[in-house]
Amino acid sequence: GQNIDQPTEMTATEGAIVQINCTYQTSGFNGLFWYQQHAGEAPTFLSYNVLDGLEEKGRFSSFLSRSKGYSYLLLKELQMKDSASYLCAVVSGGYNKLIFGAGTRLAVHP
Amino acid sequence: DTEVTQTPKHLVMGMTNKKSLKCEQHMGHRAMYWYKQKAKKPPELMFVYSYEKLSINESVPSRFSPECPNSSLLNLHLHALQPEDSALYLCASSQAPGGGSYNEQFFGPGTRLTVL
Numbered sequence: 001g002q003n004i005d006q007p008t009e010m011t012a013t014e015g016a017i018v019q020i021n022c023t024y025q026t027s028g029f030n031g032l033f034w035y036q037q038h039a040g041e042a043p044t045f046l047s048y049n050v051l052d053g054l055e056e057k058g059r060f061s062s063f064l065s066r067s068k069g070y071s072y073l074l075l076k077e078l079q080m081k082d083s084a085s086y087l088c089a090v091v092s093g094g095y096n097k098l099i100f101g102a103g104t105r106l107a108v109h110p
Numbered sequence: 111d112t113e114v115t116q117t118p119k120h121l122v123m124g125m126t127n128k129k130s131l132k133c134e135q136h137m138g139h140r141a142m143y144w145y146k147q148k149a150k151k152p153p154e155l156m157f158v159y160s161y162e163k164l165s166i167n168e169s170v171p172s173r174f175s176p177e178c179p180n181s182s183l184l185n186l187h188l189h190a191l192q193p194e195d196s197a198l199y200l201c202a203s204s205q206a207p208g209g210g211s212y213n214e215q216f217f218g219p220g221t222r223l224t225v226l
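For the protein sequence lines, the chains are Z and E, in the order given.
Sequential numbering from 1 applies to the first sequence in my numbering.
Sequential numbering from 111 applies to the second sequence in my numbering.
Among the hints, a few may not be true.
[Claimed, not checked] Think about it this way: if two alpha-carbon atoms lie no more than 25 Å apart in a straight line, the pair counts; the simulated DSS-like pairs of lysine-lysine are:
| # | chain 1 | residue 1 | chain 2 | residue 2 |
| --- | --- | --- | --- | --- |
| 1 | Z | 57 | Z | 76 |
| 2 | E | 132 | E | 163 |
| 3 | E | 128 | E | 163 |
| 4 | E | 148 | E | 119 |
| 5 | E | 129 | E | 148 |
| 6 | E | 150 | E | 119 |
| 7 | E | 129 | E | 163 |
| 8 | Z | 81 | E | 150 |
| 9 | E | 119 | E | 151 |
| 10 | E | 163 | E | 151 |
| 11 | Z | 81 | E | 132 |
| 12 | E | 128 | Z | 81 |
| 13 | Z | 97 | E | 148 |
| 14 | E | 163 | E | 146 |
| 15 | E | 128 | Z | 68 |
| 16 | Z | 97 | E | 151 |
| 17 | E | 128 | E | 146 |
| 18 | Z | 97 | Z | 81 |
| 19 | E | 119 | E | 132 |
| 20 | E | 128 | E | 148 |
| 21 | Z | 68 | E | 132 |
| 22 | E | 146 | E | 129 |
| 23 | E | 163 | E | 150 |
| 24 | E | 119 | Z | 81 |
| 25 | Z | 97 | E | 128 |
| 26 | E | 146 | E | 119 |
| 27 | E | 132 | E | 150 |
| 28 | E | 119 | E | 129 |
| 29 | Z | 81 | E | 129 |
Note that these hints are calculated values from the structure, not bench results.
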């Protein structure tokens, strides 16, 4: 079966660091995406990992361990505008099929 | 142009109506996708078109009928929908149907559909 787990909600303080975890069990694996989605808006691309290790892009970093079926998204220097849902999505099978986790709603407060 | 556009933004329809959702991209992408998203839930894949051909149908009821008239356009024809079909319908596109970091899916803003 296909299973992707993320925490449902997280809260953090402006300026802090937060780590959002994602564990997955899928029948195939061709990479893992992280998307950000503000309420009522489209998901926007944050990062992609296919090899083990850390990918860094400005304030955002994403880590992957294929052997553990585990990824995390690290957000540094949190800003109020980072309050959003963060979706972990695994590319499984052909045709770039994305299987999304339920998403983590992050609330950043002053 | 790195944008996926969708029309209409909002749609209210009765269970006997026929309507269509439209999606357009001009990035030269050859894969296009329809997703359904209920409130506080992740997007769920409905259809994948690869080089204008239907590649994946995730067992979607026949009251949803996709169409890809050309490489830039994707339609979703709706007929005899049920109230439980009310959701945000997202269109996405990617360079090609395979995986890879170059193959991120770009999402449109969605059409919020309400079925009465």
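**Message:** For each hint given before, does the structure comply? Return the numbers of the non-compliant ones in rising order.
**Reply:** 10, 11, 12, 15, 18, 21, 23, 25, 29
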